[in-house]
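Two independent chains are provided; combine them into the complex using the hints.
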Amino acid sequence: MKIWVVSETKDGQLCRVSRELAAFGATLGDVTVLRVTGERVPAVAAAAALAERAKSDAPDLILVGATPSGRDVAARLAAKLKRAYLSECTELSVKGGSIEATRGMYAGKVRARVRAALPAVCSVRPNAFPLADGAAEPTITDVAASPATGLTFVRFEPSPASGGRVPLSEARVIVSGGRGLKGPESWSQVEALADVLGAALGASRAVTDAGWRPNEEQVGQTGKTVTPDLYIALGISGAIQHLAGMTSSKVIVAVNKDPDADIFKVADYGIVGDVFEFLPAFTDAVKKVKAAS
Amino acid sequence: MRFLICIKQVPDSTTRVKVAPDGTSIVTDGVTWSISPYDEYAIELALEHKDTAPDTVVSVITVGGPRTKDALRQALAMGCDDATLVAGEGLGPLGIANALAAAATELKPDLVLCGKQASDDDQGFVGPALAEALGWPHLSQVTKISSSSPGMEYWKETEGGHEVWTATDPVVLTVQKSAKDPRYPSLPGIMKAKKKEIPERPVADVPDPVKIEIVKLEPPPARGGGKIFKDGDTKAHAAELATLLRDEAKVL
Chain A
126 MKIWVVSETK
136 DGQLCRVSRE
146 LAAFGATLGD
156 VTVLRVTGER
166 VPAVAAAAAL
176 AERAKSDAPD
186 LILVGATPSG
196 RDVAARLAAK
206 LKRAYLSECT
216 ELSVKGGSIE
226 ATRGMYAGKV
236 RARVRAALPA
246 VCSVRPNAFP
256 LADGAAEPTI
266 TDVAASPATG
276 LTFVRFEPSP
286 ASGGRVPLSE
296 ARVIVSGGRG
306 LKGPESWSQV
316 EALADVLGAA
326 LGASRAVTDA
336 GWRPNEEQVG
346 QTGKTVTPDL
356 YIALGISGAI
366 QHLAGMTSSK
376 VIVAVNKDPD
386 ADIFKVADYG
396 IVGDVFEFLP
406 AFTDAVKKVK
416 AAS
Chain B
5 MRFLICIKQV
15 PDSTTRVKVA
25 PDGTSIVTDG
35 VTWSISPYDE
45 YAIELALEHK
55 DTAPDTVVSV
65 ITVGGPRTKD
75 ALRQALAMGC
85 DDATLVAGEG
95 LGPLGIANAL
105 AAAATELKPD
115 LVLCGKQASD
125 DDQGFVGPAL
135 AEALGWPHLS
145 QVTKISSSSP
155 GMEYWKETEG
165 GHEVWTATDP
175 VVLTVQKSAK
185 DPRYPSLPGI
195 MKAKKKEIPE
205 RPVADVPDPV
215 KIEIVKLEPP
225 PARGGGKIFK
235 DGDTKAHAAE
245 LATLLRDEAK
255 VL
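First to last, the sequence lines map onto chains A and B. So the first sequence is numbered by my numbering: it starts at 126 and just counts up by one. So the second sequence is numbered by my numbering: it starts at 5 and just counts up by one.
SDA-like cross-link-like pairs, simulated, lysine to any residue; straight-line CA separation at most 25 Å:
(1) B:LYS239 with A:SER311
(2) A:LYS220 with A:PRO255
(3) A:LYS207 with B:GLY94
(4) A:LYS382 with B:ALA240
(5) B:LYS234 with A:ASP387
(6) A:LYS412 with B:ASP237
Partner residues aside, some chain A positions facing chain B, computed with beta carbon under 10 Å:
(7) MET230
(8) ALA242
(9) LEU322
(10) PRO353
(11) VAL376
(12) LYS390
(13) ASP399
(14) THR408
(15) ALA410
Quick caveat, the hints were computed from the structure, so don't treat them as lab data. Positions of the beta carbon are idealized from the N, C-alpha and C atoms, including for glycine.
Looking at chain B on its own, in the form it has when it is part of the complex (with noise of 0.2 Å):
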């Protein structure tokens, strides 16, 4: 069984993204790269099924610029089999979509997974959009995948618990964080991904019908200089608190 996992770099989590002075974009100094922790979430569910099913390859793809190769090496030091670099560079999210649908289709995954969105822009649209240049179905909010027979099963976060659907043909799946924190690249696995070669393939002709274009960043509206009870009876500053939150903000 073949899993394609679709990821993308962006900013580390950690990082204090701040806005660059042209207003429409972030600085990118200093900032450090990773994998898109929904992404890492997709390649952690992908490993534990090899993990049970040794036969199992698993491929990363991202669509990107000469960067975006250091995301595919960290995916292979984690323990994917192979990765593809998809070299382009500002197309919209439909093209990438398109993309990483025509290598899809010359590497014949059984499962495509992908984080539900990315990080950075926080869209959710590639991994329905890749299902629908696919014309497969999808399943969003994924956390768990398991054999059954015949087939797989895949589990659909939602409210108040999960829901379990089975497909019988390929299916994208978009991931959310679950139970099992992805894991941490081994050292043999880095000089193994060291050494691996990376294939590239131009973005074909592919259409991309939709531009999204950001106007504006800023920072959110800053917040603070509220009033912080330092001292004192903390039950009774309980109790104003609560008639401030009726008379003064209203929300009670």
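One chain only, chain A, in its complex shape (with noise of 0.2 Å):
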């Protein structure tokens, strides 16, 4: 079986979720690790050369990450290359002729298995087929963007907030924010931790929606969907359409003053108390453990 993974790379290196794909598609065949060169190519362009490469590779399964980016492009690939394509997929089998993924559906609140046909394109999430230690590196195949797409681009205008953190969709620690955190003063409490973690900042939408937050950190319907291996909740009640989008990390700690808040229906590890007690407590006792060890 014929696998490409369609990668990405982030200031010269290949994106994790890259890595995690190239080893996990070494598992179903023999794979072809891409690369659309370029700055800032629109999904088109680079659909239409990766299609034209495809007629003559014809690849049985592409494989792209579930970043925002790498999302777009595989839509735009698998409807040029008139395929099925199945996004943000969780766990991936090849049965017969069909591929056959597990992926969320309702913002989270189902989990569904789906089948389609083969050739097709998936996209999966990052965290999805962890890495093992020491992963060779995978050989990168360049493929040139196709030109001339009827969009120009203009400029970028950084969000004022964000400084140089992992990407949201692609975090492996998330430290999120709610209402009960007051106001956005107390962020810099909340990055304190979230640097001693190397975490990605997160937030629910009530922070999102007054401002506290830019948009682009809200986590759960509407906001992205995460799946860390640790979610830190801290003063987040637990909406329904935020617990959808966040319910698949693999351990959930939550912080909230508010015995009955829904969140710890969901939590590995809960305390109940004054978040901004546990804040700096907390983000103590992490140096001094991660120190230890």
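This is the structure:
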């Protein structure tokens, strides 16, 4: 079976999810790891270049990391090739001439097993196929993006609050804040904890709607669905839309002063207490625990 | 300028979704149906543009059964000008994209907007597939559009900020949640929407090459039974938690 991994690089490095997929793909068949070259390549141009190459290569399965840009290219490529596209898969298996995938629906409120005929395109969640230590660095084949798309890039407008952290959708640890943090000024403490953990920052919808944090940090329905190893919910009560977006995290920690908060129903560890007492103490404790190991 | 917004009717986001006994569908009894949230943001972007440029025409369209007319009426009540129902059920994603493309070719919009994904299947396939069917470029994760000369500027959310793009020709945008919440229908809007005709067009013989079969739906694995520290010293619990996360959960 011929597998393609359409990879992404960041600062010259192959993204972790691309390496995860290269390693996973190798368990299914012959893998080619491709990279579309060029700056700010629109999905249509990346998909056109890949589709052209697919004519001769004829991959049975195309795997793409389910990052925002990965999903974008994957969907356009599948449409161009007139193939099935399954997005944000968390498990994959090939059965006869079909691919079977597990993926979330209804913003994570339902787990679906779906099937489509091969050849197919799948975008796969980061962390779905964890990378073994010492996995070999895959060889990358460059594909030049197709030119002229009818779109012109004008400029980049940075958002004020993002400080070079791991993107939320790829993060293995997420520290997320809710209304219980009382105001945007509390985020210096949240960031201090995130720094110690090497975590991405998340937020509840109440927080982004209030403008305390940028929209891109919202976790849950109409925000991001995340599946980190560790999700720490601070002052988040756990509205159904929020729970839907984070309930597949491996380990969930919740801190809230309301013992009846719904977030405790999904938590592996919970502390009923004052988040402002918790934060500095926990940040210190994590520092010590990390230093000792 | 004419906007065409493709919407989908889905269970309202507050719905507690239950899997039906057949294991491959959801219980629809008692479900409140609504426009998919990202589609509402798409409508809002178009209506905001209309607020500043009153000659803008905002059309909405959906593919579905009779019930989906309610979603179109909801869009009209928000302030959209006209609505079209492409009557057909059971199409695959590329069939839907092709049906929308056939309608778009007749309606001749300058800009097509879709939500970045529908909140039921969460696929995010139809928007880019519609662009492909039309032979247009598309931009995903758009949170803002603004007039510039010439043409329009489209703000695409990306890591750490927004890429701003222009296009002189028609383009498909898939819309991400933006800063401004979708407006509620006004009472006069609701009254006016009730009286509007919603023309139906059949799904013509569009190609529908891809089927995605649902093998099984289940609720996400149950969680709970976690260690909850209810009383006592928060600071001491914080320290204990750090140790547990390292030694028991093994995530530190």
